[in-house]
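Chains as they are written, first to last, in this note's numbering: chain V, 1 to 250; chain E, 251 to 878.
Keep in mind that the hints were calculated from the coordinates and are not lab data.
Any given hint could turn out to be false.
In silico DSSO-like links for lysine-lysine, alpha-carbon gap of 27 Å or less [stated by the list, open to error]:
1) E:K436 x V:K52
2) V:K190 x E:K425
3) E:K358 x E:K535
Chain E is nowhere near these chain V residues, computed Cβ spacing over 12 Å in every case [to be verified]:
4) K2
5) A29
6) E57
7) P91
8) R126
9) E168
10) A184
11) L189
12) K203
13) I210
14) E246
15) K248
Covered by chain V, per the in silico footprint, the following chain E stretches (three or more residues, Cβ under 8 Å) [what the hints assert, rightly or not]:
16) 367 to 375
17) 829 to 840
Quick reminder that beta carbons are idealized off the backbone N, C-alpha and C, glycines included.
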Amino acid sequence: MKLAVCIKRVPDMEGRFKIAASGTGIDEAGLKYDMSDFDGYAAEVAIQITEKLGAGEVTVISLGPDVVQETLRKALSMGAHRAVQLKHDAPVSDGLAVATALAAELKDGGYDLILCGRMAVDTQNRSTGIFLAELLGLPVISAISQLNVEGGVVKARRELEGAYELIECPLPAVVTIDEGIARARYPSLKGIMAAKKKPLEVKPAHLGAITYQLEKMELPAERAAGRIVGEGKDAVPELVRLLKEEAKVL
Amino acid sequence: MSTLSRIPLPPAAGGLFAPYVPASLTHRDLVPNLIDSRTLAFQLYDVFDAGALCQRPRFSDYSREAFDAVLSSARGIAADLYATHQKLNDTDEPSVVNGNVVLNPGVKPAYDATAEAGLLAASQDAELGGMQLPHLISIAAYALLDSANAATASYSLLTVGAANLIAAFGSQEQKDTWLPPMFAGKFGGTMALTEPDAGSSLADLRCSAAPQPDGTYHMGGTKIWISGGDHELTQNIVHLVLARIEGAPPGTKGISLFIVPKFLLNADGTLGARNGVVLGGLIHKMGWRGTCSTLLNFGETAPCVAYLVGEPHKGLTYMFHMMNEARIAVGRAATGMGHTAYNHAVAYARTRRQGRLPSNKDPLSPPVSIIEHADVRRMLLEALANVDGALALILECGRLLDDEQTAPSAADRQQASALLEVLTPLAKTFPALGCQTAISNAMQVMGGYGYAREYPIEQLYRDNRLNQIHEGTNGIQALDLLGRKVVQQGGASFKALMARIRTTLAAAAETPLAPYAGQLETALGQWAECTRVLGIAMATDPNLALANANVYMDVSNRVVIAWVWLRMGLTADGRRRTAVNEEERDFFEGKLAAMRYWFAFELPRIGPDIALLSRLEATTLEANPAWF
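Using the sequences provided together with the hints, build the complete structure.
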């Protein structure tokens with residue numbers, strides 16, 4: 001069985017974020033980067049499928065500048081078999097453009113199952129995996145929490161509010177992975193050393209047309225500091241006036 | 251990658267009222283606060299040049315990227331599987347159920363993940379199933395586990411220490427039998443030295459081994475304070491036990507080393523009969539509770555089969571191999587805890603708003619973060635100077651372990667051995683003491699919250715207190731330093747250390763840090779002179795000389811930490827000039843401030859102690875036991 005996992009390199013969400021001078025992105029200086037959490041679960045699921053079958057191959061693929069090779073190596077050190085970097089140096093926020101590049105790489109690869117994270121934890125668009133399935137003309141099951149692949153069929157479970165649904169579709173297919181399905185393993189020393197010898201191909205990214213631009217990024221306005229309006233009962237009239245006129249809660 | 255969702259909130263206190271949580275102690279501040287990755291990278295790559303190790307044949311498969319990947323796995327395991335039950339190790343300590351020790355359920359997944367990640371055999375030879383990772387990196391990786399939960403990390407340390415001892419001195423058959431399952435995490439390990447009447451003085455131990463016709467021995471006696479002596483983390487436990495073969499000479503020269511498994515093995519390596527080593531009970535400690543401390547009886551109810559390791563009567567020499575490793579590991583654990591406490595305190599001090607600066611007389615102005623108060627910064631700076639100094643000292647030992655094994659020239663390898671000899675007692679004692687100061691300061695910065703059981707500092711304060719006691723108390727370390735390490739082989743180790751420190755002084759000569767080098771040079775001279783005086787006294791009146799060993803240890807620690815800080819300062823001074831942004835510059839400025847703190851506040855304190863040592867102070871020696 002041939003599996004592909006699409007992986008995005010994202011900043012650690014616990015970092016301290018600043019808007020870049022351009023105003024349309026974050027300042028990357030000082031941030032730590034790693035594989036997006038959901039993509040990590042997707043890689044883990046794919047690796048477990050090949051381990052269970054005792055056969056098959058997991059290809060991990062990421063679009064971005066050369067630093068994404070580090071993230072791809074991490075997936076290789078977890079147990080993926082080969083990696084592809086679709087090289088593109090500028091940041092892209094358009095999921096359709098990214099999906100187009102991924103589809104161009106994946107369409108003739110003979111993959112039985114393509115796995116994506118439910119969303120990237122930084123931009124949270126939830127779009128790339130769905131677009132990719134559409135571009136490849138494949139069925140897609142999104143945000144799945146359980147997966148079983150057997151006899152050419154994918155059976156998956158999706159969590160709903162207070163309920164769940166079970167869905168099945170024939171292979172080949174695309175699935176996007178929610179949390180709860182598997183925790184990404186910690187690469188072992190053996191895995192880390194083995195990953196250095198696994199193939200990592202670098203290819204140009206054939207991005208689709210950019211359909212939208214990120215206009216502006218802003219941090220929420222800082223909350224104003226509290227104000228002491230005075231002391232004792234003399235301050236009450238002013239406080240009441242402010243509650244009525246400024247806060248408009250009275 | 252870490253997410254906030256996995257961070258456990260502290261358990262709610264009982265009683266009518268939920269504890270008041272100030273805005274500065276939200277769950278965001280209860281993240282594990284492991285050793286900061288920038289600090290670790292600064293020390294590993296800039297100060298200790300870990301990258302250069304990759305040039306050596308033993309490490310040629312490695313690269314900085316691979317080191318970073320190993321540390322990233324260790325950090326993930328520490329945050330996700332260790333930190334998550336640090337508190338529970340304390341509140342839900344090991345207990346005996348049906349004669350077996352039951353640990354907190356969080357321990358096993360953490361232990362298994364550590365083994366699966368390959369960390370148990372990380373630095374071991376490839377032919378023994380190891381990955382030949384430099385000690386420098388594996389010590390850093392373990393320090394991360396310690397900073398999350400030292401009690402759980404201890405089980406790995408014990409297994410690795412016991413396995414390394416078999417690797418160093420066991421027969422081929424013993425290595426083949428015991429090492430693979432130990433390194434795979436299937437068998438645990440312990441070191442069983444102490445007896446009820448033989449603690450610091452192992453020469454008096456009484457456990458005995460009776461030779462059997464089949465070449466094995468039957469062990470009899472009792473051991474106490476055996477960490478990890480019983481548990482169900484692993485299928486089997488391999489105890490390394492010191493005992494006397496029947497008829498052996500008295501004192502240290504009659505002690506042999508044995509393997510005593512909990513379960514005997516069948517010929518095919520599967521578990522066989524239960525061996526006659528049984529749990530006698532648990533000891534309930536002040537802190538570090540997650541590591542069970544056991545009393546073990548050998549041969550009390552059934553014969554206890556033991557296998558001799560190496561030659562008879564050489565057990566104590568062999569055990570020192572493991573003890574040296576364990577002593578550095580004690581320093582490493584203290585360092586991890588100190589860093590965690592410091593990080594908690596900084597996060598708190600940045601967000602907790604109280605009071606106004608002395609120059610501000612306006613009561614209506616908003617209160618400032620407490621980090622704006624000079625006395626809070628004093629406490630943080632003292633903590634930083636201690637925890638980073640401790641980290642540098644244990645990483646120095648890690649680097650020396652690598653040099654001892656792989657430095658290109660025989661002279662360099664020999665010098666590394668000599669340096670390790672003299673630095674090991676310091677690497678055990680300084681972090682234990684300095685990080686206790688740091689944890690105490692963190693508690694002080696956090697005020698009542700630091701003292702409250704709902705928050706992590708008071709546990710660290712209790713946990714780390716053990717590090718002054720186990721693996722040879724600080725007093726024993728001081729005797730080892732003055733009575734053995736600085737005087738042996740004509741003071742070769744001490745001279746090697748002086749030469750090493752002078753290399754740093756020379757490097758600092760033409761830099762803005764030259765005045766600090768000058769201050770250290772003066773201190774070095776004083777230290778050398780009082781070492782000379784004490785060395786002579788060791789030959790003529792060892793009781794008097796050794797009565798001053800603890801003060802000597804303190805002076806030695808202050809000088810050596812000044813040296814590691816000067817070296818970090820030199821690197822930080824260079825790096826701040828090329829910093830890419832303000833945040834990075836602040837990071838290096840912080841390191842320089844901690845260095846200045848050490849030279850302004852700590853190093854000068856050797857003055858009165860040097861005077862005391864030089865006149866061979868006799869007050870404590872002359873204090874008659876009857877006077878107490």
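Going through the hints against the structure:
1. Note on E:K436 and V:K52: the hinted pairing holds, with a Cα-Cα distance of about 23 Å set against a maximum of 27 Å.
2. At roughly 21 Å between alpha-carbon atoms, V:K190 and E:K425 fall within 27 Å of each other, so this suggested pair holds.
3. For the proposed pair E:K358 and E:K535, the alpha carbon gap of about 21 Å is at most 27 Å, so the pair holds.
4. Annotated as non-interface, V:K2 keeps its C-beta farther than 12 Å from every C-beta of chain E; the closest such distance is 26 Å.
5. In this structure V:A29 is not separated from chain E by more than 12 Å, as the shortest Cβ-Cβ distance comes to only about 5 Å.
6. Remark: the non-interface label on V:E57 is consistent with the geometry, its nearest Cβ contact in chain E lying 22 Å away (cut-off 12 Å).
7. Every CB of chain E lies more than 12 Å from the CB of V:P91, the least distance being 19 Å, so the non-interface label holds.
8. For V:R126, the requirement that its beta carbon stay farther than 12 Å from each beta carbon of chain E is met, with the minimum near 17 Å.
9. The claim that V:E168 is not at the interface with chain E holds, since no C-beta of that chain comes within 12 Å of its own (minimum 30 Å).
10. Not every C-beta of chain E lies more than 12 Å from that of V:A184, the closest at about 8 Å, which undercuts listing it as non-interface.
11. Separation of V:L189 from chain E is inadequate, the least Cβ-Cβ distance of about 3 Å not exceeding the 12 Å criterion.
12. Taking the minimum C-beta to C-beta distance to chain E, about 21 Å, the non-interface status of V:K203 holds against the 12 Å cut.
13. For V:I210, the condition that its CB be more than 12 Å from all CB atoms of chain E holds, with the nearest at approximately 28 Å.
14. With a minimum CB-CB distance of about 18 Å to chain E, V:E246 clears the 12 Å threshold, and the non-interface call stands.
15. Every CB of chain E lies more than 12 Å from the CB of V:K248, the least distance being 24 Å, so the non-interface label holds.
16. Counting residues of the region 367 to 375 of chain E whose CB lies closer than 8 Å to any CB of chain V gives 4, so the stated coverage by that chain holds, three being the minimum.
17. Interface restraint, the region 829 to 840 of chain E with chain V: holds (4 residues with C-beta to C-beta distance below 8 Å; minimum three).
Hint compliance for this structure: hints 5, 10 and 11 are broken, all remaining hints hold.
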